[in-house]
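Residues per chain, in single letters:
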Amino acid sequence: AQSVTQLGSHVSVSEGALVLLRCNYSSSVPPYLFWYVQYPNQGLQLLLKYTSAATLVKGINGFEAEFKKSETSFHLTKPSAHMSDAAEYFCAVINSNSGYALNFGKGTSLLVTP
Amino acid sequence: DAGVTQSPTHLIKTRGQQVTLRCSPKSGHDTVSWYQQALGQGPQFIFQYYEEEERQRGNFPDRFSGHQFPNYSSELNVNALLLGDSALYLCASSYMTANTGELFFGEGSRLTVL
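Heads up: the protein sequence lines correspond to chains S and A, in order.
With my numbering as the guide, the letters of the first sequence map in order to residues 1 to 114.
With my numbering as the guide, the letters of the second sequence map in order to residues 1 to 114.
Since the hints were derived computationally from the structure, they do not count as laboratory data.
Bear in mind that the values here come from a model prediction, so they are computed numbers and not experimental data.
Heads up, some of the hints might be wrong.
Listed next, the in silico DSSO-like pairs over lysine-lysine satisfying Cα-Cα at most 27 Å (straight line) [as the list claims (entries may be wrong)]: (1) S:K58 with A:K13; (2) S:K58 with S:K106; (3) S:K68 with S:K58; (4) A:K26 with S:K106; (5) S:K68 with S:K49; (6) S:K49 with A:K13; (7) S:K106 with S:K49; (8) S:K68 with S:K106; (9) S:K106 with S:K69.
With the sequences and hints as input, model every part of the structure.
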């Protein structure tokens, strides 16, 4: 089954600095990949998704991710961090063995400091 | 347009008891999936309901069961609760024929088992 690995359970950046959250996938078929964000005490919200169209995917709130097949990566970036970006971020891939269920990574907690 | 709604938001049970969680999908959605999110972990797929039938199931024991009603709402039942069942239970809805894997999540029901 397809899976994702998120590198770094905690990432801290200064306000205005580049945000880079890492995700690598494992899949024997072309993957559908997602980034979700979870703010404290809330459910998950879709940031962006890759479905084999353009390799650079733009999402909400200024986030984007680039699909790199050669590196089996789908890292999430944002040029300039805002305090409001502090949240838990999850990378996910569709599990073809379970219909369209998602396999999530363990998450990366983003801290933004003033 | 109402999003995914879940009830109750919080509940406390003791070991051996049974619990029922409820979910109303986003308007227009016909598929409901349930995920378990343990503290500090990513969501884990429990099962998916479509046309009032369980279509896919993750690696969860039979103590976890569900139901979908004609109006597409859904229930998650957990019998013989264990301490390890303490988690945030997330409901997600989607439109089956879209087949994109994009899910809309509710804010979850936080279950504490004592």
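Results of checking the hints against the structure:
1. S:K58 with A:K13: 43 Å, violated
2. S:K58 with S:K106: Holds - the C-alpha atoms of K106 of chain S and K58 of chain S are around 23 Å apart, at most 27 Å.
3. S:K68 with S:K58: This hinted pair holds, its Cα atoms lying about 15 Å apart.
4. A:K26 with S:K106: 26 Å, holds
5. S:K68 with S:K49: 14 Å, holds
6. S:K49 with A:K13: 37 Å, violated
7. S:K106 with S:K49: 18 Å, holds
8. S:K68 with S:K106: This hinted pair holds, its Cα atoms lying about 21 Å apart.
9. S:K106 with S:K69: Holds, because 21 Å separates the two Cα atoms, which is no more than 27 Å.
Going through the hint list in order, the structure does not satisfy hints 1 and 6.
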